[in-house]
Every structure is written in C-alpha cells, then in structure tokens.
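J.: Single-letter residue listing:
There are 2 protein chains.
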Amino acid sequence: MMKRGFQVAARLGHYRALLRAPCIPPRLDSASAFASSSDDRISRFCPEKTDLKDYALPNASWSPDMLSMYQELLEKTKTDGWIKLPSFKSNRDHIQGLKLPWGLSVKTDYKDSCIFTRSIQMEGQGYEYVIFFHPSMKKSICLFQPGPYLEGPPGFAHGGSLAALMDETFSKTAYLAEEGLFTVSLNIRFKNLIPVNSLAVLNVDIEKIEDQKIYMSCTVQSRDQQTVYAKCSGVFLQMQLEKE
Amino acid sequence: MMKRGFQVAARLGHYRALLRAPCIPPRLDSASAFASSSDDRISRFCPEKTDLKDYALPNASWSPDMLSMYQELLEKTKTDGWIKLPSFKSNRDHIQGLKLPWGLSVKTDYKDSCIFTRSIQMEGQGYEYVIFFHPSMKKSICLFQPGPYLEGPPGFAHGGSLAALMDETFSKTAYLAEEGLFTVSLNIRFKNLIPVNSLAVLNVDIEKIEDQKIYMSCTVQSRDQQTVYAKCSGVFLQMQLEKE
Chain A
1 MMKRGFQVAA RLGHYRALLR APCIPPRLDS ASAFASSSDD RISRFCPEKT
51 DLKDYALPNA SWSPDMLSMY QELLEKTKTD GWIKLPSFKS NRDHIQGLKL
101 PWGLSVKTDY KDSCIFTRSI QMEGQGYEYV IFFHPSMKKS ICLFQPGPYL
151 EGPPGFAHGG SLAALMDETF SKTAYLAEEG LFTVSLNIRF KNLIPVNSLA
201 VLNVDIEKIE DQKIYMSCTV QSRDQQTVYA KCSGVFLQMQ LEKE
Chain B
1 MMKRGFQVAA RLGHYRALLR APCIPPRLDS ASAFASSSDD RISRFCPEKT
51 DLKDYALPNA SWSPDMLSMY QELLEKTKTD GWIKLPSFKS NRDHIQGLKL
101 PWGLSVKTDY KDSCIFTRSI QMEGQGYEYV IFFHPSMKKS ICLFQPGPYL
151 EGPPGFAHGG SLAALMDETF SKTAYLAEEG LFTVSLNIRF KNLIPVNSLA
201 VLNVDIEKIE DQKIYMSCTV QSRDQQTVYA KCSGVFLQMQ LEKE
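Those sequence lines, one after another, are chains A and B.
The first sequence runs 1 to 244 under this note's numbering.
The second sequence runs 1 to 244 under this note's numbering.
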C-alpha cells in the first residue's frame, strides 16, 4: 500500500502544478489524449445496452415526493432535452476504454471498489439520488434523499454527505458538458439542516469557463423552494482522458 | 417522511436566521440550555466505561504507516495532553442526555441510524480514521486511510469523502473546544489526489472566534509532509445544547 502511494506521488506533481498554475494549463497533446465531444461522452456514459446495475432508479425506499419529482423530470427527457443519467458502481464503468491522464493510475481491484456515493447499498439507508442533465443548457438537477446512515446531527444529514453529493453532481456535469475532470475547489455555505429521509433538490449550473477551469454553482433546496439548505460554488479542471 | 420534514421546517428558520445574522447571534438563555466547560464536554464525549463500540481503534486493515503514526500519537496522550477520541456509531452516543437546541429534533430510529463517516462498517473498505484532540492547543490531528468504497477517480479517494471527513474533524474539534455545533461554511482547495489505501494526515486548528463563530483551518498532507492533498477553512456556529 505504501509502495503504491510512492509510485504515484511523482505523477501527482503534474496535477498539483496545474492547480497552482496562474496561467493556462497546457492541454494534453500526446497521441494517447482522447479529445471527445459532449455527445461522445454522453453516449459512452449512458450506454443503451448494458448489464451494469443502474443505482439511479426508483426503489421502495423513495418517498412519494422523490418519486413524483422523478416522474416529472422523466417526462422532460421525452420532450425537453433532459437526460436521466445512469449511475453505475464505479466511475470505471462510465469511462470504459479510457483512463486518467498523466499516468495517474493506481492498480486497485475493480471488484472491491465502489464510487463513494454508492457505497451504502442497502436501499434507503444511505444515498438515494438521481441526476438529470441538460447538455445544451449545461445544467443538472439532482434529487437527493439522505437515509439514516448519512446522519450528522441526530435526525439530520451530515453536512459532509451533502458536500460529497454536490461534488459528485458537479463532477458529472463538468465531465459531460465540458471535459471537467478534477475538483479544484468547493466553497459551501450551509443554510439549513436536511432532515433524514426528506427530499432535497440540487440545481447545478455551469457559470463560465476560463483558462480551462469550469466555474459552477449549486443551490440545494426543498422541492417547494421555500427552504434553502445550502449554496455552493465549485471549480473543475478541464482535461482530456487518455485511451486505455 | 414528508410530514416530518414540514414539522421541522419552521424550527429550522431559527438556524437560517442565525446564519444570516450580520451581528452577534443571541445565546440561548432558556432553562433548558446546557452551558458546559470544555472538560465537561470531553468527559461526556469520552466515557471511561462504556459498552459502546469504538470504531477508532486499529484493525487488520490499517497500513503499517497508519499504525505507527497512531502509536506515536498514542504515546503523546500519556505525556503531552493529547486525547484519543473514541468514535461511536451515532452522535447521540457522544452527547447522551443532551439534544440539539431550538426544538431541532426529528424522531428517527436510533437502531437504524449511523453517523455518515462510520456507515461503511466492513474493516478497511470505507473510512478508517482516528482523531486526536489537544484541548489547550485547540487543535486536532486526524489519521485517514480511505478504503476502496470511498473511490472517486479510479484508484483515488472521492473529493467528497475527504470533504466529509474535514467537516467531521472540524465538527468534533469545534464542539469539544468551543461549543461549536453547526457548520456554517467550508472552503476547500484540492491540491492532489489521495490514492486509495494510503495515509493522509489532517491537521486542524482553531484560528479565532468572533461573533460566536469559530474559524478553523485544515491542511491535509502525506505523513512526510511532502505532498499536500488539500487545504480547507471552515466556520462553525457556537451554540449550547439543551438538556434532554
């Protein structure tokens, strides 16, 4: 384990250097860099046929509120250009055939790994969420129902569980819309606690792109928009994946 | 579930109002408010005798790096005033006999609830961490070994898993040192990815207290301090719990 850490330490220097860079970070121009359009990325991310389990589908734990808003948004996928994103066990499943740039690879056992926000697999106990993405509007809506295993203050979701899901929703939006790969910064202001098992709605927008950095905003509120739970801004680094 | 959400919505208005307040938020002065010293809180938080499982003890998944740094810090608890904090299944266990202020209570089943950062209970797969706290220096050190269920980019910890642990370490430090109860804001800058199964060390300091807000900083780095993984500032609201 320690050895693996040291092996990647030097490579991580590239990432650190880019994050520090006051000017435009260089685009990868090696033969292995994989330049893709938003459509390419969406096709790869949302395969029409797959045996992979999609964790972003309704189950018995979803509240009536969550279910009805899901159905509303699902209707919009038929007419308004919204896409319901599938959610597989690992990010590896979403970028099959591609890998991180700069030799940023760590040999881990796929079988044992799991994306953090899907790691509690008992229905209703951990994260229940689904992301809808709109390619041309460059925005996402995430429906979030925190289960009792996401607790912080007794009876309420841990602020960190919301922070993680904001990062995750930013991440998927940034990647699909603009090749955003790495979180540079998150700036979160918490306004109200989210009761366990209630519905919170995350609205994510891409605000601008400058120097290969994607600037995004997120507002988290109740379905009726009467309670704001949190606001967040996030910056992501725009980089190309490489062919595996 | 929806009903419960609406029941607390009005009460949450108090929290929102305090977070918005540009001036000093009022201290609770009701008979139920529980003013305590840092020593009181530490005694309650770290009971000498308890049947509760402490999740912050070494297990077979801990790397040699994590184990040896744990032993080093444990030695300092004997001579240098450091305290190794226990970590129970729920925050309810740490504040027995007390409850959140402003009627912020939601009836949830204790049996089914779990603090977010202890929700993956298979050793080594999720969060492995332990917090050491120094009351007079008002600082904490958290040893963090992310397991493969905390994955974001393939082979690396999800930024959100680190964000959640920074919030958690801030939270425990703010509560024990200065009656900090709620996260107001987190401002995180990510510098490098943390490889899964490696050791990251969080150093948390209380910087200042103004208008009942506790300002804290956190640096996350490798044990040899050669790699900075992230830096974070956090603000917590200083409030008293109430007697149950």
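These are computed hints drawn from the structure, not numbers from a lab.
Errors might be hidden in some of the hints.
Claimed, not checked - Heads up, incomplete: computed chain A residues facing chain B, CB under 10 Å, no partners named:
#, residue
1, D112
2, I115
3, I120
4, E123
5, I188
6, R189
Just so you know, these numbers come straight off a predicted model, no measurement behind them.
We treat Cβ as the ideally placed atom computed from N, Cα and C, and that holds for glycine.
J.: Given a cut of 10 Å on the nearest C-beta pair, is the interface hint for A:D112 held or broken against chain B?
T.: Holds, because the Cβ-Cβ distance from A:D112 to chain B comes to roughly 5 Å (cut-off 10 Å).
J.: Just to be careful: measuring from the Cβ of A:E123 to every Cβ in chain B, is the smallest value less than 10 Å?
T.: Given a least distance of 13 Å, the restraint on A:E123 is violated.
J.: A:R189 was flagged as interface toward chain B. Is the shortest Cβ-Cβ separation under 10 Å?
T.: Holds. Min distance 5 Å.
J.: Measuring from the C-beta of A:I120 to each C-beta in chain B, is the shortest one below 10 Å?
T.: holds, 6 Å
J.: So, as I understand it, the hint says A:I188 touches chain B; can you test that by seeing if any CB pair is closer than 10 Å?
T.: Holds, about 5 Å.
J.: With a cut-off of 10 Å on the beta carbons, see whether A:I115 makes it to chain B.
T.: Holds - the Cβ of A:I115 comes within 10 Å of chain B, reaching about 6 Å at its closest.
In summary, the structure is inconsistent with hint 4 from the numbered list given earlier, while agreeing with all the others.
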